[in-house]
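Given the structure of chain R, go ahead and fit chain F onto it with the hints provided.
Number of protein chains: 2
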Amino acid sequence: MILTRLARPLLLASLLAGSALPAQTHTPAPSPVDAVDPFIGTSGEGHTFPGAVAPFGMVQLSPDTHVGPARQTYNWAAGYRHEDPTILGFSHTHFSGAGHSDLGDFLVMPVSGDTVPLEAGTADTPGYRSRKADEVASPGYYAVTLTDPGVRAEMTAGTRIGVHRYAFRADKAAHLVLDLRSVIYDYPGKILWSSIRIRPDGTITGSREIRGWATPRRLFFAIRFSAPLTGHQFVTTEKDVLYKGFKGPGRGPETLVSLSGRAIVAQLDFSRIAKPLEVKVALSGVDEDGAIANLSSEPGDFDAIRAKTRAAWADALGAVQIAAPAPMRINIYTALYHSLMAPSIWGDADGRWRGPDDQVHGPSGFTMHSTFSLWDTFRAEHPLLTLIQPDAKNADFVNSLIAGQKTNPFGILPVWQFAGKETWTMIGYHAVPVIADACLKGIKGIDCAAALKAMVASADYAPYGGLSDYMKLGYVPIDREPEAASKTVEYAYDDWTIARLARQLGDAATAQRFEKRAANWRNSFDAKTGFLRARKADGTFRTPFDPTAINYGSDYTEGNAWQYSWFMPHDQGGLFRLLGGDAKAVAKLDAMFDYDNSKIDYSHAEDISGLIGQYIHGNEPSHHVAYLYSYAGQPWRTQERLKQIVESQYKPTPNGLAGNDDLGQMSAWLVFTALGFYPVAPGSGEYAIGRPFVERAEMRVGDKRFIMVADGLSDANRYVGTVTLNGQPLDRSVITDAEIRAGGELRFTMQPTPNKIWATGVKARPYSMTGYGKR
Amino acid sequence: MILTRLARPLLLASLLAGSALPAQTHTPAPSPVDAVDPFIGTSGEGHTFPGAVAPFGMVQLSPDTHVGPARQTYNWAAGYRHEDPTILGFSHTHFSGAGHSDLGDFLVMPVSGDTVPLEAGTADTPGYRSRKADEVASPGYYAVTLTDPGVRAEMTAGTRIGVHRYAFRADKAAHLVLDLRSVIYDYPGKILWSSIRIRPDGTITGSREIRGWATPRRLFFAIRFSAPLTGHQFVTTEKDVLYKGFKGPGRGPETLVSLSGRAIVAQLDFSRIAKPLEVKVALSGVDEDGAIANLSSEPGDFDAIRAKTRAAWADALGAVQIAAPAPMRINIYTALYHSLMAPSIWGDADGRWRGPDDQVHGPSGFTMHSTFSLWDTFRAEHPLLTLIQPDAKNADFVNSLIAGQKTNPFGILPVWQFAGKETWTMIGYHAVPVIADACLKGIKGIDCAAALKAMVASADYAPYGGLSDYMKLGYVPIDREPEAASKTVEYAYDDWTIARLARQLGDAATAQRFEKRAANWRNSFDAKTGFLRARKADGTFRTPFDPTAINYGSDYTEGNAWQYSWFMPHDQGGLFRLLGGDAKAVAKLDAMFDYDNSKIDYSHAEDISGLIGQYIHGNEPSHHVAYLYSYAGQPWRTQERLKQIVESQYKPTPNGLAGNDDLGQMSAWLVFTALGFYPVAPGSGEYAIGRPFVERAEMRVGDKRFIMVADGLSDANRYVGTVTLNGQPLDRSVITDAEIRAGGELRFTMQPTPNKIWATGVKARPYSMTGYGKR
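Protein chains in written order, with the UniProt record's numbering: chain R, 1 to 775; chain F, 1 to 775.
I should point out that these hints are in silico values taken from the structure, not numbers from a laboratory.
Treat the hints loosely; a few may be bogus.
Which copy is meant is left open, so a pair is good if it fits within one copy or across any two.
Unchecked claim - Taking lysine to aspartate or glutamate pairs in the EDC-like style, the calculated list, with each CA pair at most 20 Å apart, reads: (1) Lys190 <-> Glu238; (2) Lys756 <-> Glu119; (3) Lys651 <-> Glu739; (4) Lys247 <-> Glu481; (5) Lys239 <-> Asp186; (6) Lys247 <-> Asp460; (7) Lys172 <-> Asp711; (8) Lys453 <-> Glu135; (9) Lys528 <-> Asp731; (10) Lys453 <-> Asp546; (11) Lys244 <-> Asp594; (12) Lys756 <-> Glu298; (13) Lys536 <-> Asp526; (14) Lys244 <-> Glu606; (15) Lys247 <-> Asp469; (16) Lys244 <-> Glu209; (17) Lys172 <-> Glu745; (18) Lys190 <-> Asp240; (19) Lys536 <-> Asp469; (20) Lys588 <-> Asp546; (21) Lys239 <-> Asp269; (22) Lys643 <-> Asp315; (23) Lys190 <-> Glu209; (24) Lys247 <-> Asp479; (25) Lys756 <-> Glu640; (26) Lys643 <-> Asp469; (27) Lys244 <-> Asp186.
Bound-form chain R, shown alone (with noise of 0.2 Å):
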């Protein structure tokens, strides 16, 4: 909390005004930086990584525990788990909290001594491999301790580098392993081509293509270091190659300036050196010239950059001011921090970048980035990042989305895209409604015209995920596409979106196009079960059928018929009316939280944890469900609902988060549900209200500020008892993006007992396509 009590009234004023805060001269309050604490996620289904980052930063300098195909790669999705006794090495790019292994570009490794082996070994035998100890993290910092080697090694970030320093024994040679094989989640094959080279200013720089995740992947560094290097060597490993080519200069590898092929390891030598060394390493997607760039682009050494970084975390998370107790403080500012880490920064300094046709483009006048997981942050994670971070950067997102439509070879959005290339996960066209909500809440420096035709584009391109029978049929028919229940549902949001857009922009034709797509929800919906199912060609619902089963490529996508059957999220009102009527919606809601699954076993399914039943929080479909209860006009179920989902997924632990991250979309709904609502139907200008869990929040929106006020809130006083906006009363469980950005104030009074009278008719509900909610 920033603010003296004496500053409020006159802060109020000026926000009831709507006009921009005044300047501050009170004693700074403790920095949010320090409220964030990297390690939670590390462990159990997080799949976060510790280590260095800016926000959005290009590069996550992070240390890797287990990198190999030996073992399960799905739980070192990061590279990391905090349990484990040893780090390997510190590589240059982690997915915070993705459900699929890739990534762990460059991993380089402190070693002490006379003998510098160049396999990493396991826990168990020698390599450079060690043992660690004196773990600490913070934004835009990771220390460790390497009991082997006796190194103490820090890491930070900027934009498109990574910083190390290493403080060796000052009586044994220090080295450096730069480990090119290593990679998260390996297999034979998948490092397709790397390359090393030390240029004659000292710069070593090289580059690696990977068959991984998104495919080829190719990925160029530039290293500079703070000492001479006083020797090297560069290591071929492979043993399988049928024509090795005439032998380049030097005898041996220690005379080698440059060495290309599939399984290279280099040895780095610095002699004894008393003063730490510091490692800085940028990276580019574009060339070797382009990493260079980016590492002369951002001069300093560790002490700077450090602090720049910081203060840019400072910044990023000052967006939101929270008054909380310690640990719902650190679960927040932590999930804050996890939500500005993606989409990262993608291309370089001078504004070149790789697309997904592999050729380098730009400058495009806008900052490229990638990995969009939006499946996952379509939902929760844009929708808070529209209100938090500047139109600048939202209208970066949004122009990336578009470059990577115009230059990919099918003509389409992203779907699930890193490194500038596609990787066709998951389903839907979920970049459809990122950028409808964008142009929608009226973000700045998008061209939406282009942008709805790069939309429709996508909606339309028949060949994708059953969007020729879709457009035929009015469903995906699930005899000729697999998850065809799911994606029916999605695609019918997305074409909302488009609508909404379309009309906006006084499109009507299109509008009306995908009005009616949007109602084809209802084609998969069998209101006799009560349940979303697969339908067949034929019409006919796929038999047999079993609302619990979770099974990859059934019918659904990673859940079932409880999970998927409410996702229309721009017609619940429709929904509800299928179902029989509100008390029937809340009934069937009930069933699903307090499902019995005693006796039923999820193991085989990855991204399946997080359980309430049959509520699933550790994954995506089940994220507005909670907020359901209020279109049904019971918002105190809504709150009692939120509690028992905040209580149980998340703590301030490693092991805190009950599922994948995602990229921040597990982080981004915890951020919105503590600020008391929450983005049901992104496209639609509304957040659903739900109830508080902090004392007060102080939101930047553009040069507005927005204050959210809870009076009384105790683990007592669990309740909505009266809301005002501005000091007015609120009748309704919905709060507008406009509202919201005039800046303003949002009090709840929060008590014991359920309110069962607020907001409980019909026009007080959110909004809804064929129902209720309509302002």
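Chain F alone, transformed into the frame defined by chain R:
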């Protein structure tokens, strides 16, 4: 012969005055283009290809008859052998006469009917391979009937494009197979990656990355068709992929618009088409956009491109107008044709190019060229091009070499480079004499001071090929570096050319340093045996010593003491004194030519062919040796040996070349020799006079004309009687480059008996560093 008798006196008068050629008004003679037979060298040892290519064109569009690993690949270095009964397709890149197998990019093959095989098959098993009939070829044009699909196939090529024309049977469906798996000299893992996609406008683009002779080599293509594509399949046949990633849009290969992988083949359908199908293909080393731009930069259909390229050949070949009987005329024009293919254009139409560092550079103010077979071509090929190609073209070559040095990870000039990439093939730093020769001849458009720096950087690069020891000991020691004897003498010659250029540029220190190194050939010469020998670091010569032994990695490079003992082209006088004088030198030359090989088997050595005793015309180290009699004051003996070589080593038949053409070196030898002179020591500014093999030749040198007349030439009149230059007696066996560039007439009067007086005096002999001939 293009000039009438009437025109000659006038022309001669103008030539004597050094003025430009007057406008011609007579009827033009048959074009030299029609004297070229592209099949010469496509069997036997020549390794040439019969397909379509423009002068120095990026594309060599030619039939492949065998590309796989199953049979010996050396004989299919250009993908084709004339005697093979079947063709498996037409690919876009080929070496002309290389001694190593590679290229064969983007194989296209027409298929008729309803069944389209996607495997080539063998000559005996079904596949898209076809039997052939009615082959014809001329510069820029190749045609063949593919009897199995019943298709007449024609090929032509522009600067960066190849154009196919296929006349299909009207009653069968027309298809093309585009096989991205096909590569000359195939082995597991050679194709690192490939991709293909159809762009919205119907253009097909794609790429390959090859792990071959130059690694990794990247090449991109763009294809457009004269008829609409009616269907397609993109198929991957790769079997051993552990992780395939998620599936992109489309159900089967017929709906894919894009595919990438290690083993891709495409079927392209055109239904039944009445008009021949034209397929226009552009290449680029930069990216797909570059290929598209290259395609657009050369508009026109098959006939237009063919006519344009024919005109380009007429102009390039027309630089030497020859009067000779048919067999000799065909041999020489085909040789000239083969000498005008490499170095090939490598930069894109927009000036960008991919360098040895695998990065994209440019535009750089010149057209980047690659395919530098420098160990071969520094001898006669590049000196020929300095005379008959414009300064701008020669400057392109030299500037490409210098750019290659600047972007080489080792900072040294190209050794054996293609596709912008170094292969580390053969020995020496023979870009150095190419650049020195061009600078010393005053070729415009070169920064010779910068060039000298690049040359010195290469010559002083210690890790390369024993240079560290060479600089310390004055020779390369065989116990530390293979092929040490050959390396020592070739370095010494290269060093001499550095000294020559440094002297001209006024850099006395560099000149002195490299003049000293130029004498290093003596440090590996054993005066006792009279042979160049490999010496060990302790100063002793390596034993056992067999001057006839030829083994890879032994004391010599693709040769033995017999050939290599003559390689000090800058100091033959010094050699002859070491050998004991002119008479002993002549005796030793005779011993070489007349050596009885009946007890020797060289069948294990690939490049050893065209033997006349121990003179081996099929490989380069011998190429200057016949001229050395003139250095000993016995030019009539040179004349005899030249007749012996020309008549035995060059025939107008597919197996008419005695050895690999080596990107024009074998051919350039014949062109020079036929004209009556040869550049024994490029960098000397001199050509040793031999004897002419054509009645008359007229060379276009810049804006001047240089005419050679051989009065009375016949099989009997095989000796030079008298020689005049511009009407004045020429009493030396040397003509200078300046004399040729000034324009004029060199007139030989031939006779049946040796003239044992002409050019026998010491001062009349060609240049030698420590002997005669310093003009």
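Structure-based check of all given hints:
no., hint, verdict
1, Lys190 <-> Glu238, "both (13 Å within a copy, 14 Å between copies)"
2, Lys756 <-> Glu119, "neither (65 Å within a copy, 73 Å between copies)"
3, Lys651 <-> Glu739, "neither (32 Å within a copy, 91 Å between copies)"
4, Lys247 <-> Glu481, "between (52 Å within a copy, 12 Å between copies)"
5, Lys239 <-> Asp186, "both (17 Å within a copy, 18 Å between copies)"
6, Lys247 <-> Asp460, "between (53 Å within a copy, 19 Å between copies)"
7, Lys172 <-> Asp711, "neither (61 Å within a copy, 83 Å between copies)"
8, Lys453 <-> Glu135, "neither (49 Å within a copy, 52 Å between copies)"
9, Lys528 <-> Asp731, "neither (35 Å within a copy, 112 Å between copies)"
10, Lys453 <-> Asp546, "neither (40 Å within a copy, 78 Å between copies)"
11, Lys244 <-> Asp594, "neither (64 Å within a copy, 39 Å between copies)"
12, Lys756 <-> Glu298, "neither (57 Å within a copy, 77 Å between copies)"
13, Lys536 <-> Asp526, "within (13 Å within a copy, 89 Å between copies)"
14, Lys244 <-> Glu606, "between (42 Å within a copy, 19 Å between copies)"
15, Lys247 <-> Asp469, "between (56 Å within a copy, 18 Å between copies)"
16, Lys244 <-> Glu209, "both (19 Å within a copy, 15 Å between copies)"
17, Lys172 <-> Glu745, "neither (61 Å within a copy, 77 Å between copies)"
18, Lys190 <-> Asp240, "both (14 Å within a copy, 12 Å between copies)"
19, Lys536 <-> Asp469, "within (11 Å within a copy, 78 Å between copies)"
20, Lys588 <-> Asp546, "within (16 Å within a copy, 96 Å between copies)"
21, Lys239 <-> Asp269, "neither (26 Å within a copy, 42 Å between copies)"
22, Lys643 <-> Asp315, "neither (30 Å within a copy, 86 Å between copies)"
23, Lys190 <-> Glu209, "both (9 Å within a copy, 15 Å between copies)"
24, Lys247 <-> Asp479, "between (56 Å within a copy, 17 Å between copies)"
25, Lys756 <-> Glu640, "within (13 Å within a copy, 117 Å between copies)"
26, Lys643 <-> Asp469, "neither (42 Å within a copy, 78 Å between copies)"
27, Lys244 <-> Asp186, "between (24 Å within a copy, 13 Å between copies)"
Of the numbered hints stated above, those contradicted by the structure are hints 2, 3, 7, 8, 9, 10, 11, 12, 17, 21, 22, 26, listed in ascending order.
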